[in-house]
Amino acid sequence: MPTGGPIRIVVCIKQVPKAQELQVDPKTQTLKRVGVPSEINPPDANALEFALRIKDDMPAEIVVLSMGPTSFDESLERAIAMGADRAVLLTDRILGGSDTVPTAHALSETIAKIGGYDLILCGEETTDASTGHVGPGIAGHLAIPQVTYISEMRIVDGKVRARRTAEDGSEWWETAMPCLLTVNFGCNRPREPTLSGKIRVKRGGVIVHWSCADVGIDPNKVGLRNSPTIVAKVDTVHLPPRARKLFQGEAREVVAQLLKALVEDGVIAP
Amino acid sequence: MAERFDAVVVGAGPAGSAAALALAKEKFSVLLVERGRTAGSKNMFGGRVYAWPLFDLLPEWQKDCPVERFVTRESLAFLSGDASLSVQFENPASTSGRAASFTALRPKFDEWLAKKAEAAGATLITGIKVDELLREGGKVRGVVAGPDKIAANVVVLAEGAMGPLAQKAGLLPELAPKAVSVGVKETVELPAATIQERFALGEKEGAAVVYAGDASMGLRGGGFLYTNKASVSLGLVVSSEDLARKKVEVQEVMERFRLHPSIQRLLKGGKVGEYSAHLVPELGLGMRAKYIADGVLLAGDAAGFLINNGYTFRGVDLAIASGIAAARAAVDARARGDFSAAGLASYDRHLRALNVLTDLERFRSTGGYLKNERLFSLYPKLLLGITEKVYTVDGSGKERISDVVLQEMKGKAPLFKMLKDFLDAARSM
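From first to last, the protein sequence lines stand for chains A and B. Heads up: the first sequence runs through residues 1 to 270, numbered per the working numbering. Heads up: the second sequence runs through residues 1001 to 1429, numbered per the working numbering.
Be aware that a few hints might be false.
[To be verified] Pair ranges (Cβ atoms, derived):
1) GLY186(A) with GLU1136(B): 54 to 62 Å
2) ALA1345(B) with ARG33(A): 16 to 24 Å
3) ARG1135(B) with ASP168(A): 22 to 30 Å
4) VAL1272(B) with LYS18(A): 47 to 55 Å
5) GLU1197(B) with LEU22(A): 38 to 46 Å
6) LYS1129(B) with ARG33(A): 47 to 55 Å
7) PRO37(A) with LYS1412(B): 53 to 61 Å
8) ASP265(A) with THR1194(B): 52 to 60 Å
9) HIS209(A) with ARG1098(B): 31 to 39 Å
10) GLY186(A) with ASP1064(B): 39 to 47 Å
11) VAL1087(B) with GLN248(A): 30 to 38 Å
12) LYS18(A) with LYS1268(B): 32 to 40 Å
13) GLY186(A) with SER1262(B): 33 to 41 Å
14) GLU1136(B) with ASP168(A): 50 to 58 Å
[Stated by the list, open to error] Not close to chain B: a few residues of chain A, all C-beta gaps over 10 Å, as computed:
15) ASN184
16) GLU192
17) PRO193
18) THR194
19) LEU195
20) SER196
21) ILE199
22) SER211
23) SER227
24) LEU239
25) PRO241
26) PHE247
It is worth saying that the hints were derived from the structure and are not from the lab. Each residue gets a CB set at the ideal place from its N, CA and C atoms; glycine is no exception.
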C-alpha cells in the first residue's frame, strides 16, 4: 500500500509480429519473428493505456518491462513515446526458448528488483502464443492479489476496483495494492506517441538492459531446458476447397439461376 | 512548457533538413519534425537534383549521397501523334563540380539528408504531425503537436506545397486551382544493364528528358523522364485548371503519354514499381504572399521556391538553398537578439546571395508564356509537321524548307500572333 508520493506502475509488454503480417516458416513450422513488422502485443497496449490514464489523474511513475532480444527496444521506445517514464529490458541469451513458466519466474524476479511497485498491469494474453499464463504466474511468484481479464479499472481510496469479464457478464472486484491485473484486448484505445515522448526517447537514458546476472536470476531456472512445455507438432490448417458454381448468361437469367441454386442448397428460404 | 529549442523546423524534406543541418552547425538546438514515418516517405518529385547548394551545405556530400545517376545527357522532345522530335545535349564531364546534377529517389535522398542534420546535432522526430503554430501576441513562439507545446525562437516552415500551417497562419493564401499543377509519376523498374543499353549510358551516367506537345494531350504542362540506377522515372506535370476545364483525368493523360511509341520503346518489359501524385506550386514567387513573419520563415515548396521554365524543373536545389538562407537569417537574428520579422529580414538578402530569389524573379514571366496554350498544342504539332515533310522523300516532289514552313503555318493562327508568342517565349527562357 503506497504511502504518499507517486504510485509506481509496472506494465509488462511483449513485442509480437503484427497480426496482419503473421508468417509461419514452412520448414520449422514456427512463427517468423525476424524481419517481420512488429508491434506491442495489442492487449499489452491496452494495459499501458490504463496505466497512462491513472497517470493522467494522479502522480504516478510508469515502468515498462519486457523480456526478449534487443530488437524489443522498438516497442519499449514506443511505450515511452506514449508516456511511460522508463523501461527495463531483461535480455540474455540463456533466456532463449523459455516457455511461460521460466518467463513468469524471470519477470517476477525483475519486478522484485525494480521494487516499490504498487500495481502491475499485463495484457490478458499475447497474440503470438495466446496462453494467458504469464500475468497470473508473476502474481503467484510475488504472492500478490490478481484480477484477470479486466475491462475497466479505477483506484479508489488506495484500492483497485476492476471489472472482470466473466463467462456471461462481468464482476466488479476490489483489491488492495500491490496487485496485478491482466487487461482485456480492445477495452480501451491506446493513445498515439507524442512529440515530447519521442523527444525523450531521442535524448536517451530511458531504457536499461539487464542480464540474468544483473537481476540475480538462476540460470538453472530459465531457458529451453527448464521449460516443461513440449511442442510435439504444429500443423498449418488448410481450408477445404469451397464449392464453386459459375452461372453465365443474361443478367436476369443468371440471378434467377443463382436464387434457385441457393434455395436448393438450403442457404436461403424459398 | 515541456520542451524548448532554439529553432523548430517543420518538415524533413530537402528544405527542412538543409535548414536544420545549417542551424545545428551554427550551434542552434534544433528540433526537426516530420509527419511521415521516415523522412522522405511522403515526398515526391520528378527525380532530379541540381547539386550546387550541396557544396555549401555539405562539402563532402559526394562521399555517401544516394545518387542514382549523374545526368550527362539532356533532351528536349516534342511529341505529336506517333512521331517525336528531340534535341540532345551530351556532356559526359558533368558528373562533378557545381554544375553537376543527378537523379535520386526521395525516400533515400531525403532520409540521407535528414540523417546528416541529425548527425550535426539536430533532434529528428518522425511520425509526428505539427498541428499549429504556437502564438503569443501575434508572434510565432513555437509549435503545437497533439498535447505538446514546444517553444522556439524561430520556426522554419518547410512543410511542402500545401503549406497547411502557413495557410493557418495567414502567410499563404488558400491554394486556388490555377496556383497549382498536378504532378504524377511512375517508377518503372528495369535492370541497370538494360537502361544503360537503351539509353546508351555508362554505369554512372544518366539521361534527363523533358517532353512537350502531345505528352500532356495539349494541356498546359509537360512530361519528364529520368533514369535511375535500376528504374526509370516517368511523369507529367499538368495544369490542374486545364484538367478541370477540359474534364480530363490526370491518369488518362499519363496513360496516353506512357503509350507513345517513343516512350514505349524505352520502357518495354519494365514493371511499374511505384505510382505517385503530388501538387506542384506553379506560379512561383508571385503566388506566395509572405515568407518572413514574426518568429517564422517559409522555405522550399511552402514558400513557392520552384522554377519550371519549360526546359528545366527545379525544386530540390532551391529548397536546399532556401534552407541554408533561412539558417543564415536565424544566425543574424540571434546576433541581434531579435527574431521578429525585422530581425529575420536578412532572409531576403541571403536568398538573393544564393540566387534563389534572383532566379525566381528572372523566370517569373515564364509563368506567362507557359500559360499560353498554343505552346503545348499548336506549336509542337507545327514543328513535327514541318520536320516530317522535310524528311519525307517519297518521290512526290520535294519543297524547300521555307515553303514547307509557310505552308504548315498557314491557317493555324494569325502570323503576328505566332510571332508574338515566339518573342514572348524567347524573352522568358
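Evaluation of the provided hints:
no.: 1; hint: GLY186(A) with GLU1136(B): 54 to 62 Å; result: violated, 41 Å
no.: 2; hint: ALA1345(B) with ARG33(A): 16 to 24 Å; result: violated, 56 Å
no.: 3; hint: ARG1135(B) with ASP168(A): 22 to 30 Å; result: violated, 55 Å
no.: 4; hint: VAL1272(B) with LYS18(A): 47 to 55 Å; result: violated, 26 Å
no.: 5; hint: GLU1197(B) with LEU22(A): 38 to 46 Å; result: holds, 42 Å
no.: 6; hint: LYS1129(B) with ARG33(A): 47 to 55 Å; result: violated, 31 Å
no.: 7; hint: PRO37(A) with LYS1412(B): 53 to 61 Å; result: holds, 58 Å
no.: 8; hint: ASP265(A) with THR1194(B): 52 to 60 Å; result: holds, 53 Å
no.: 9; hint: HIS209(A) with ARG1098(B): 31 to 39 Å; result: violated, 47 Å
no.: 10; hint: GLY186(A) with ASP1064(B): 39 to 47 Å; result: holds, 45 Å
no.: 11; hint: VAL1087(B) with GLN248(A): 30 to 38 Å; result: violated, 55 Å
no.: 12; hint: LYS18(A) with LYS1268(B): 32 to 40 Å; result: holds, 38 Å
no.: 13; hint: GLY186(A) with SER1262(B): 33 to 41 Å; result: violated, 56 Å
no.: 14; hint: GLU1136(B) with ASP168(A): 50 to 58 Å; result: holds, 57 Å
no.: 15; hint: ASN184; result: holds, 26 Å
no.: 16; hint: GLU192; result: violated, 7 Å
no.: 17; hint: PRO193; result: violated, 7 Å
no.: 18; hint: THR194; result: violated, 5 Å
no.: 19; hint: LEU195; result: violated, 4 Å
no.: 20; hint: SER196; result: violated, 4 Å
no.: 21; hint: ILE199; result: violated, 6 Å
no.: 22; hint: SER211; result: holds, 30 Å
no.: 23; hint: SER227; result: holds, 37 Å
no.: 24; hint: LEU239; result: holds, 31 Å
no.: 25; hint: PRO241; result: holds, 31 Å
no.: 26; hint: PHE247; result: holds, 33 Å
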